[in-house]
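Using the sequences and the hints given, assemble the complete structure.
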Amino acid sequence: MSDIINLTLSALINKIKKKELSSQEITNAYIARAEKSKDLNTYITTDFENAIEKAKKFDEKGNFDYKLPGVPLAVKDLFCTNNLKTTAGSKILSNFIPSYESTVTQHLWDEGAILLGKLNCDEFAMGSSNETSFFGNVESPVGKKVVPGGSSGGSASALAAKLTPATIGTDTGGSIRQPASFTGTVGLKPTYGSCSRYGIVAFASSLDQAGPMTQDVSDAALMLDVISKYDTKDSTSVNFKRGDYFKSLSSNIKGKKIGIPKEYRVDGMPKEIESLWQDGITLLKKLGAKIIDISLPHTKYALPAYYIVAPAEASSNLARYDGVKYGYRSEGENLISMYENTRSEGFGDEVKRRIMIGTYVLSSGYYDAYYLKAQKIRRLIKNDFDEAYKSVDAILTPSTPSSAFKIGDKTDDPVSMYLNDIFTVPVNLSGLPAISIPAGKDKNNYPLGLQLIGKAFEEQNLLDISYSMEKELSFKNNLQDWWIK
Amino acid sequence: MSIDLKTIKHIAKLSRISIDDKKAKELEKDLNSIFEFIEALNKVDTKKVDPLTSIAETSLKLRGDDVKTKNIREQILKNSPDENKDFFVVPKVVE
Numbered sequence: 425m426s427d428i429i430n431l432t433l434s435a436l437i438n439k440i441k442k443k444e445l446s447s448q449e450i451t452n453a454y455i456a457r458a459e460k461s462k463d464l465n466t467y468i469t470t471d472f473e474n475a476i477e478k479a480k481k482f483d484e485k486g487n488f489d490y491k492l493p494g495v496p497l498a499v500k501d502l503f504c505t506n507n508l509k510t511t512a513g514s515k516i517l518s519n520f521i522p523s524y525e526s527t528v529t530q531h532l533w534d535e536g537a538i539l540l541g542k543l544n545c546d547e548f549a550m551g552s553s554n555e556t557s558f559f560g561n562v563e564s565p566v567g568k569k570v571v572p573g574g575s576s577g578g579s580a581s582a583l584a585a586k587l588t589p590a591t592i593g594t595d596t597g598g599s600i601r602q603p604a605s606f607t608g609t610v611g612l613k614p615t616y617g618s619c620s621r622y623g624i625v626a627f628a629s630s631l632d633q634a635g636p637m638t639q640d641v642s643d644a645a646l647m648l649d650v651i652s653k654y655d656t657k658d659s660t661s662v663n664f665k666r667g668d669y670f671k672s673l674s675s676n677i678k679g680k681k682i683g684i685p686k687e688y689r690v691d692g693m694p695k696e697i698e699s700l701w702q703d704g705i706t707l708l709k710k711l712g713a714k715i716i717d718i719s720l721p722h723t724k725y726a727l728p729a730y731y732i733v734a735p736a737e738a739s740s741n742l743a744r745y746d747g748v749k750y751g752y753r754s755e756g757e758n759l760i761s762m763y764e765n766t767r768s769e770g771f772g773d774e775v776k777r778r779i780m781i782g783t784y785v786l787s788s789g790y791y792d793a794y795y796l797k798a799q800k801i802r803r804l805i806k807n808d809f810d811e812a813y814k815s816v817d818a819i820l821t822p823s824t825p826s827s828a829f830k831i832g833d834k835t836d837d838p839v840s841m842y843l844n845d846i847f848t849v850p851v852n853l854s855g856l857p858a859i860s861i862p863a864g865k866d867k868n869n870y871p872l873g874l875q876l877i878g879k880a881f882e883e884q885n886l887l888d889i890s891y892s893m894e895k896e897l898s899f900k901n902n903l904q905d906w907w908i909k
Numbered sequence: 023m024s025i026d027l028k029t030i031k032h033i034a035k036l037s038r039i040s041i042d043d044k045k046a047k048e049l050e051k052d053l054n055s056i057f058e059f060i061e062a063l064n065k066v067d068t069k070k071v072d073p074l075t076s077i078a079e080t081s082l083k084l085r086g087d088d089v090k091t092k093n094i095r096e097q098i099l100k101n102s103p104d105e106n107k108d109f110f111v112v113p114k115v116v117e
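Here the protein sequences come in this chain order: A and B.
Reminder that position 422 of the first sequence reads as 846 in my numbering, one-by-one numbering, no gaps.
Reminder that position 19 of the second sequence reads as 41 in my numbering, one-by-one numbering, no gaps.
Hints are not guaranteed to be accurate.
Stated by the list, open to error - Derived coverage of chain B by chain A (criterion: at least 3 residues anywhere in the stretch with Cβ under 8 Å from a Cβ of chain A; other residues may be distant): (1) 37-43; (2) 47-53; (3) 58-72; (4) 87-97; (5) 103-113.
Stated by the list, open to error - Over 10 Å on every C-beta distance to chain A, these chain B residues come out as not near it, computed from the model: (6) S24; (7) I25; (8) D26; (9) K28.
Said to hold, decoys possible - Which chain B residues face chain A? A few, computed with CB under 7 Å, are given here: (10) I33; (11) I77; (12) A78; (13) L82.
These are calculated hints, taken from the structure and not from any lab test.
No residue lacks a Cβ here, since even glycine has one placed at the ideal position from N, Cα and C.
Next up, the structure:
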């Protein structure tokens, strides 16, 4: 059994195709491990009985030509799953059972994957440490009482703890890449418009994007092949020619031009992050890439602009939670007080804060000063990248300004929590693809990640560069399974 | 610029979120520290910049208004917090 859970996704698929392992053996192995790993609090909802049933059916008459033949997977609880509770980590959706399936999860099942269950996340994906979920904090397998990052914290923790061979998360300001960096895993945020947003509980619609979280870069390419498809159900889905990412993977990056933006060298950045970045630069040179110093002058305005744009969109998106058609309801003496009580009791503190910020910046008299201003800054940030991409193919930065911290360390000060996303947010504002790969460890032995940012729709380039780096880095988490009961 | 308690209560009202005085004071502190951070944007001259409203710079496509999912009435109503089988129910709005 320990052999099974130590396999990468692509290795598992090989074994299934060669009939060396059955879907049932694999599914049972992951379920058994999840049962012993409850202390990490990664799952909100498990669907184990159905998973075993589906694995049995796959073994009897499954299609072995599928890309994910009989592979059990758990996914972030932000993706609507038909007939299975979908909570978005919130009390207000704690009893919501969708009557439809999100497009990206449907793609997984259409390629033969089997749903294990729904993974914990920050409430409505608002958070950087998985401490805002109504269903409790998630612990990271990298250390006791350490946060897995957020908002896809349950996904990152489950993946690193080997409770699922791969998973998918969503990334609005760094919610795939930051937790991947904190847990020593690979996280890819595709270009805006690559993966359908249909059926994903909306947070900030102009920024939200689903993407793979995996053990290595080839697994990320494989997952991207499955989930990146044009979808008429999402009005911002883009119909571009997608690559054959997994098959086309190449580790030859000779002559590729990599930009190093000086603005990412922020005040107070720990030495270990600085040297991680330097080592990354040295490695890229060794691999034959050309290093070019670049400037992204508006970088420091990305986070403040994000904290106008994202809450503004969230306040509109979350207006639908009114206790009428679905979700939690608290009674009131009239319609308005029913709304107000429902939303007051149904939403947690961070979500309320962001709804209030959003409502304020969109309110009469403040729209131009805040929302319009932020959209203009957003243009400047995107222009910075457009300018840089005239001379480089990709950009290398650290994924986060620090390694993982302890649960409770940053919950008192919202701004210090927001600063976690300082390196990831500019990418969402510009709609670009970016990947975080594990590249080293800090003094506590917690993982550190490097981020590669690419040109729009050039995921292949990003995957190739990270694939070639990964081979040389040979990062290992070496977790001690301390949480197993 | 700082946001006072009265404004906090007004925003809460607009947001349809009921808050007591204790919560309002907490929010006053949090929102002021967040807006202090946001004010950095005022240093940037944006007079000649067009706002970026959407990253996917394509026009929205038209499609037929066709029903694709049928017979889910019961399933949809099942998620309603109220017990009534046939309608969504809200507190009385007309006297």
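So, going through the hints one by one against the coordinates:
1. Counting residues of the region 37-43 of chain B whose beta carbon lies closer than 8 Å to any beta carbon of chain A gives 5, which meets the minimum of three for the stated coverage.
2. Coverage of a stretch by a chain is defined here by at least three residues with a beta carbon nearer than 8 Å to that chain's beta carbons; for the region 47-53 of chain B and chain A the count is 3, and the condition holds.
3. Remark: the region 58-72 of chain B is confirmed as covered by chain A, as 10 of its residues place a Cβ nearer than 8 Å to a Cβ of that chain, reaching the required three.
4. Here's how the region 87-97 of chain B fares: 3 of its residues keep a CB closer than 8 Å to some CB of chain A, so the rule of at least three is met and the hint holds.
5. Check result for the region 103-113 of chain B against chain A: holds, 5 residues qualifying (beta carbon to beta carbon below 8 Å, three or more required).
6. The claim that S24 of chain B lies off the interface holds: its Cβ sits roughly 12 Å from the closest Cβ of chain A, which is beyond the 10 Å cut-off.
7. At roughly 7 Å from the closest C-beta of chain A, the C-beta of I25 of chain B falls inside 10 Å, breaking its exclusion from the interface.
8. Listed as a non-interface residue, D26 of chain B keeps its Cβ farther than 10 Å from every Cβ of chain A; the least gap is roughly 12 Å.
9. Against the 10 Å criterion, K28 of chain B stays outside the reach of chain A, whose nearest CB is about 13 Å from its own CB.
10. Interface restraint check for I33 of chain B: the shortest CB-CB distance to chain A comes to about 5 Å, inside 7 Å, so the restraint holds.
11. The beta carbon of I77 of chain B comes within 3 Å of a beta carbon in chain A, closer than 7 Å, and the hint placing it at the interface holds.
12. Residue-level restraint check for A78 of chain B holds (minimum Cβ-Cβ distance to chain A is 4 Å; threshold 7 Å).
13. At its closest, the beta carbon of L82 of chain B sits 5 Å from a beta carbon of chain A; the interface hint therefore holds under the 7 Å criterion.
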